[in-house]
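Asker: Below are the chains, spelled out letter by letter.
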Amino acid sequence: MKELDPTAFTVELGRFYEKSRVNGTVSVTMKRMTERRLYKASRVKKEIPKGGEAILDKNRMKDDDIEYPCLVRATYKDKKISTIVAPNELDKFQNAYSTVIRAYMDSLKKKERTRKKAKTAASQQQKQQ
Amino acid sequence: MYISNWDEFQKAAEELYTTSPETTRYVSGFRHVDGELILKVTDDRTIIKYKTNQASDLRKFTNLNLSLMSKMQNKPMEGKK
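These protein sequences, in sequence, are chains A and B. For the first sequence, the numbering used here gives the first residue as 51, with consecutive numbering after it. For the second sequence, the numbering used here gives the first residue as 131, with consecutive numbering after it.
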């Protein structure tokens, strides 16, 4: 599992989508970094992930305004990448992620309604005549 | 498990997240070959899924991403439209 920073993650995710044009599924998972997960992550990496200090601080009062980092993972075939998005990086990450989505998810079907409407309008005109 | 209406799916996803924010995860998968987008929201007890091949759902998908990520971070969302 490759740990990247949010910008590098979106770049690599774009490459995944590009490679998946021929075959395979690109899967993206998101979940909140709770206290427990942050604690485990900090044990493994020997440092607290960005945005996590506020939550792990034992002196904080349990109020509802605390902001959590978000864990995002992506896989393509056997390649796995992940990133942790801190609360102050959310907008930047969102912009980059939606750009990648719009750029690569182009094989979805477009609406065919206009053609059907034109056909029914034409056939109605013929009936009236 | 599979919900066929986007608005219902969005409502159910946000409700599920609000009830169990610590264990809910949001998974999306995309197959370019088949032109299919699959979404799944689960808290390991309940699962809701949505499948689509329509390009018109992309914008809704991006909005849902924004909404769910803001919830995950517990950040108030600004009304961007």
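By construction, these hints were calculated from the structure, which means they are not laboratory data. Treat each hint with caution, since some may be false.
Derived lysine to aspartate or glutamate pairs resembling DMTMM-like cross-links, with alpha carbons at most 20 angstroms apart [unchecked claim]:
1. A:K100 <-> A:D115
2. B:K179 <-> B:E166
3. A:K81 <-> B:E152
4. A:K96 <-> A:D107
5. A:K159 <-> B:E152
6. B:K190 <-> B:E166
7. B:K190 <-> A:E162
8. B:K190 <-> A:D141
9. B:K201 <-> A:D115
10. A:K127 <-> A:E53
11. A:K161 <-> B:D137
Sample of chain A residues lacking proximity to chain B, with all beta carbon distances greater than 10 angstroms (derived) [said to hold, decoys possible]:
12. V61
13. R65
14. Y89
15. A91
16. K96
17. K100
18. K159
19. Q176
20. Q178
Where is the CB? At the ideal position from N, CA and C, for every residue including glycine.
Asker: Decide, hint by hint, whether the structure agrees.
Answerer: These are the hints, each one checked on the structure:
For a cut-off of 20 angstroms, the pair hint linking K100 of chain A to D115 of chain A stands: about 18 angstroms separates their Cα positions. The suggested pairing of K179 of chain B with E166 of chain B holds, with an alpha-carbon distance near 13 angstroms, which does not exceed 20 angstroms. For the hint pairing K81 of chain A with E152 of chain B, the CA-to-CA distance comes to about 8 angstroms; that is within 20 angstroms, so the pair holds. This hinted pair checks out: K96 of chain A and D107 of chain A have alpha carbons roughly 16 angstroms apart, not beyond 20 angstroms.
Distance hint between K159 of chain A and E152 of chain B is unfulfilled; the C-alpha atoms sit about 35 angstroms from each other, more than 20 angstroms. For the given pair, K190 of chain B sits about 15 angstroms from E166 of chain B by alpha-carbon distance, which is consistent with the 20 angstroms threshold. At roughly 18 angstroms between alpha-carbon atoms, K190 of chain B and E162 of chain A fall within 20 angstroms of each other, so this suggested pair holds. Of the supplied pair hints, the one linking K190 of chain B and D141 of chain A holds, its CA atoms being roughly 17 angstroms apart against a limit of 20 angstroms.
A distance of roughly 12 angstroms separates the Cα atoms of K201 of chain B and D115 of chain A; the hinted pair therefore holds under the 20 angstroms criterion. Between K127 of chain A and E53 of chain A, the direct Cα distance comes to roughly 17 angstroms. Compliance with the 20 angstroms bound is thereby established for this hinted pair. A distance of roughly 18 angstroms separates the Cα atoms of K161 of chain A and D137 of chain B; the hinted pair therefore holds under the 20 angstroms criterion. A cut-off of 10 angstroms between C-beta atoms confirms that V61 of chain A is not in contact with chain B; the least separation is 17 angstroms.
With a least CB separation of 13 angstroms from chain B, R65 of chain A remains clear of the 10 angstroms interface cut-off, as annotated. With a least CB separation of 13 angstroms from chain B, Y89 of chain A remains clear of the 10 angstroms interface cut-off, as annotated. Every C-beta of chain B lies more than 10 angstroms from that of A91 of chain A, the closest at about 15 angstroms, which supports listing it as non-interface. The Cβ of K96 of chain A lies farther than 10 angstroms from every Cβ of chain B, with a closest approach of about 24 angstroms, so its non-interface assignment holds.
Its beta-carbon lying about 12 angstroms from the closest one in chain B, K100 of chain A satisfies the requirement of being farther than 10 angstroms from that chain. With a least beta-carbon separation of about 5 angstroms from chain B, K159 of chain A fails to lie farther than 10 angstroms from that chain, contradicting its non-interface assignment. Distance check on Q176 of chain A: its Cβ is at least 30 angstroms (rounded) from any Cβ of chain B, clearing the 10 angstroms threshold; non-interface status holds. For Q178 of chain A, the condition that its CB be more than 10 angstroms from all CB atoms of chain B holds, with the nearest at approximately 32 angstroms.
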